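**Student:** Using the hints provided, position chain R relative to the given structure of chain A.
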Amino acid sequence: MKIEGKKENGHIVVSVEGRMDAISAPEFDRKCEEWIAEGTSVFIVDFSGLEYISSAGLRSLLVLGKKLTAKKGKVVIAALKDVVKEVFSISGFGSIFTIVDSVDAALGRI
Amino acid sequence: MRGNLPMFHLRLPARLESLDEFLNFVSDRAAESGFSSFRTKEIQLAVEEAIVNIVRHAYAHSPGEVELRWMKGADPGQVAIEIEDAGVPFDVRSAPAPNLQAGLDDRKVGGLGAFFIRQMADKVGYRREADKNILTLTLGTRKPSSEPGPSEAPRADDSLGFPLGSMTRETHNKGDVLFKAGDRADKMYYIAHGSLKLPEIGKVVKEGEVIGEMGILSPFHVRTASAVCEEDLEAYTIDKEDVIRLFSRDSALAFQLVNLCIKRFIENLRAETEAKERIQSELRIAREIQISMLPRVFPPFPDRTEFDIFAVMEPAKEVGGDFYDFFLVDDKQLCVVIGDVSGKGVPAALFMAICKTLLKTEALRGLSPGDILDRVNRTLIPDNETMMFVTVFLLILNVETGEIRYSNGGHPPPLISAGPGRFESLEGPTGTVLGAVEGYPYTTTTRILTPGDIVFLFTDGMSEAMNADQELFSDARLISRLGEETGKCTADIIRHMRAAVQAFADGTPPSDDMTMVALAFNGAAHNVSAGP
Numbered sequence: 021m022k023i024e025g026k027k028e029n030g031h032i033v034v035s036v037e038g039r040m041d042a043i044s045a046p047e048f049d050r051k052c053e054e055w056i057a058e059g060t061s062v063f064i065v066d067f068s069g070l071e072y073i074s075s076a077g078l079r080s081l082l083v084l085g086k087k088l089t090a091k092k093g094k095v096v097i098a099a100l101k102d103v104v105k106e107v108f109s110i111s112g113f114g115s116i117f118t119i120v121d122s123v124d125a126a127l128g129r130i
Numbered sequence: 032m033r034g035n036l037p038m039f040h041l042r043l044p045a046r047l048e049s050l051d052e053f054l055n056f057v058s059d060r061a062a063e064s065g066f067s068s069f070r071t072k073e074i075q076l077a078v079e080e081a082i083v084n085i086v087r088h089a090y091a092h093s094p095g096e097v098e099l100r101w102m103k104g105a106d107p108g109q110v111a112i113e114i115e116d117a118g119v120p121f122d123v124r125s126a127p128a129p130n131l132q133a134g135l136d137d138r139k140v141g142g143l144g145a146f147f148i149r150q151m152a153d154k155v156g157y158r159r160e161a162d163k164n165i166l167t168l169t170l171g172t173r174k175p176s177s178e179p180g181p182s183e184a185p186r187a188d189d190s191l192g193f194p195l196g197s198m199t200r201e202t203h204n205k206g207d208v209l210f211k212a213g214d215r216a217d218k219m220y221y222i223a224h225g226s227l228k229l230p231e232i233g234k235v236v237k238e239g240e241v242i243g244e245m246g247i248l249s250p251f252h253v254r255t256a257s258a259v260c261e262e263d264l265e266a267y268t269i270d271k272e273d274v275i276r277l278f279s280r281d282s283a284l285a286f287q288l289v290n291l292c293i294k295r296f297i298e299n300l301r302a303e304t305e306a307k308e309r310i311q312s313e314l315r316i317a318r319e320i321q322i323s324m325l326p327r328v329f330p331p332f333p334d335r336t337e338f339d340i341f342a343v344m345e346p347a348k349e350v351g352g353d354f355y356d357f358f359l360v361d362d363k364q365l366c367v368v369i370g371d372v373s374g375k376g377v378p379a380a381l382f383m384a385i386c387k388t389l390l391k392t393e394a395l396r397g398l399s400p401g402d403i404l405d406r407v408n409r410t411l412i413p414d415n416e417t418m419m420f421v422t423v424f425l426l427i428l429n430v431e432t433g434e435i436r437y438s439n440g441g442h443p444p445p446l447i448s449a450g451p452g453r454f455e456s457l458e459g460p461t462g463t464v465l466g467a468v469e470g471y472p473y474t475t476t477t478r479i480l481t482p483g484d485i486v487f488l489f490t491d492g493m494s495e496a497m498n499a500d501q502e503l504f505s506d507a508r509l510i511s512r513l514g515e516e517t518g519k520c521t522a523d524i525i526r527h528m529r530a531a532v533q534a535f536a537d538g539t540p541p542s543d544d545m546t547m548v549a550l551a552f553n554g555a556a557h558n559v560s561a562g563p
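Quick note, the sequences are listed as chains A and R, same order.
As numbered in our numbering, residues 21 to 130 make up the first sequence, in order.
As numbered in our numbering, residues 32 to 563 make up the second sequence, in order.
For reference, chain A alone in the conformation it holds in the complex (with noise of 0.2 Å):
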């Protein structure tokens, strides 16, 4: 997994490439540990790269979007593709999270 973060204007584009799995999703948490600790509160989170995700991935978005609700914050998720956006679909997580087709979608939203 590749993970990236780009911070504009009090909010920051995330780019998850790979997978995020049981292994890689801790990272992804330590990441956004660290970006919410540098007071971000709103993240794109950009799907676009990701092949791959398991209810590890699931948990990390949950809990980071526990997170960000407890600060007024909020996690829009773009540009889901294939097993992904299944994923998404048969868990549920359509509807707990703000999906859009693309990042440039999710700063229209924001």
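Treat the hints as calculated values from the structure; they're not laboratory data.
Honestly, I wouldn't trust all of these hints.
[What the hints assert, rightly or not] Pairs of lysine-lysine residues, derived as DSS-like cross-links and limited to a Cα-Cα distance of at most 25 Å, are as follows:
no., chain 1, residue 1, chain 2, residue 2
1, R, K363, R, K391
2, A, K92, R, K139
3, R, K154, A, K105
4, A, K91, A, K26
5, A, K87, A, K26
6, A, K51, A, K86
7, A, K105, R, K139
8, R, K294, R, K218
9, R, K228, R, K211
10, A, K87, A, K105
11, A, K86, R, K139
12, A, K22, A, K51
13, A, K105, A, K86
14, R, K218, R, K237
15, R, K139, A, K87
16, R, K139, A, K91
17, A, K27, A, K91
18, A, K27, A, K101
19, A, K94, R, K139
20, R, K139, A, K51
Only a predicted model underlies this, so the values are computations on that prediction, with no experimental measurement involved.
**Tutor:** Relative to chain A, chain R alone:
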């Protein structure tokens, strides 16, 4: 021996660090089975959730291992994945379903793993067996009740494997005998764990291999070898009827099995042939050693005009024990020996080598023929645990006087020329064979040869040579045929007699070695020339 019937398995420590390897393994197997990359990820998801569950729950308090087995499913295009752990009992099917409608605030962290497993598999099975949790996921090419997924999931290819799910699982302990040679063969085994030894043929059958298929597929239905567990064993068995049913359902697997059998047959055949060839070549070497021990350069003493000697040993197919020898004891005495060791094969050849050496050693001490046989007999007996014996006729010719002294240890008496066109037995007591009776008295007989006399020594391989009608060449025929040879040189005599026996046998292969030695006394040549 390696039957690569594709049941694959991977066993790793139950740690998150093992996950990548498990998932790569699954990805490789899925690709081999022709699953789409989309479906492969779904399968990986189910497997990841199962393994994470095991790491987090089953082995929460103690380390352990996880094994994943990738097998062919009961239906074409299906695979069955078994995931086994030895942790605390845990049936993933009993995990509560997550509340999929809950919003972010109410949604519980966790609980999705078991849900994904159930979502991705056609069937989720669980059994607790021998203190192990075994989760079985039956997976088709598409997720059941699929969302509109990938456009066209490719059909599973013809990758083969046993539907272990529909086979019977057996466990055995180290040292157990699975079956014995000669038992009725009623089922075949797939070895999932452990190894078997086949003591009769010295083979080991390991994990992932199949055994017993020959019993099922060959017409004899009898085990050709025993199988003993070298380690604790886990096997899956299938009987003949189920194999037949399987064949009608999965012709590719049938082909694979038949292929495996043919491979085994060829391997067995090759092993047997190699063993046979090895023995054959050992026998050939023994034979060559035996023959190389006999003097074969003729004339052996080109500067000796007093006598003329020629010999041949015609080996039968097997290594036998015939031998002959001749050597000068001193300037005036020629020793001639012929013998026949009981038995055949390498032991007979070795015994023959011992006898020949002992006889020569004793003869070179200058003893009389009777004493030579006596001493050799005494030497042979204490060491003769194999109860082999040897017939020996030993003769010493004084080349100046024509005196022959001889002793017989159970050998057919030689023939001696008795005037033109006639041969007769060389008279004298026939003692007993050497190596049998300790202290048996061997006597020495003396006779004077006149120049032109021929002594013909032979083994019973000659007089007992047989033709297709089972008639023997016989002593009578030998004597009569030899009568035609008086006055000829020894090399010719031997050549003619050999041809006569071959003509008589007329292609019937000899059952015994055949040895002939012809000795002609020419008279003390230098005496003749040392005239006035």
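**Student:** None of the hints should be skipped; say for each whether it holds.
**Tutor:** Going through the hints against the structure:
1. R/K363 - R/K391: Given that 25 Å is the threshold and the Cα spacing comes to 16 Å, the pair holds.
2. A/K92 - R/K139: 20 Å, holds
3. R/K154 - A/K105: Distance ~23 Å between R/K154 and A/K105 Cα, so the pair holds.
4. A/K91 - A/K26: Holds - the C-alpha atoms of A/K26 and A/K91 are around 20 Å apart, at most 25 Å.
5. A/K87 - A/K26: Cα-Cα ~20 Å, so holds.
6. A/K51 - A/K86: 16 Å, holds
7. A/K105 - R/K139: Given pair A/K105, R/K139 holds - Cα atoms ~20 Å apart, limit 25 Å.
8. R/K294 - R/K218: Measuring from Cα to Cα gives roughly 19 Å; hence the hint holds.
9. R/K228 - R/K211: Given that 25 Å is the threshold and the Cα spacing comes to 12 Å, the pair holds.
10. A/K87 - A/K105: Within the cut-off at roughly 23 Å; holds.
11. A/K86 - R/K139: 10 Å, holds
12. A/K22 - A/K51: 11 Å, holds
13. A/K105 - A/K86: 21 Å, holds
14. R/K218 - R/K237: 18 Å, holds
15. R/K139 - A/K87: 13 Å, holds
16. R/K139 - A/K91: 19 Å, holds
17. A/K27 - A/K91: Distance of about 18 Å is within 25 Å: holds.
18. A/K27 - A/K101: Roughly 24 Å separates the two Cα atoms, so the pair holds.
19. A/K94 - R/K139: 18 Å, holds
20. R/K139 - A/K51: Holds: R/K139 and A/K51 sit about 22 Å apart, inside 25 Å.
Figure legend: structure checked against the earlier numbered hints; every hint is met.
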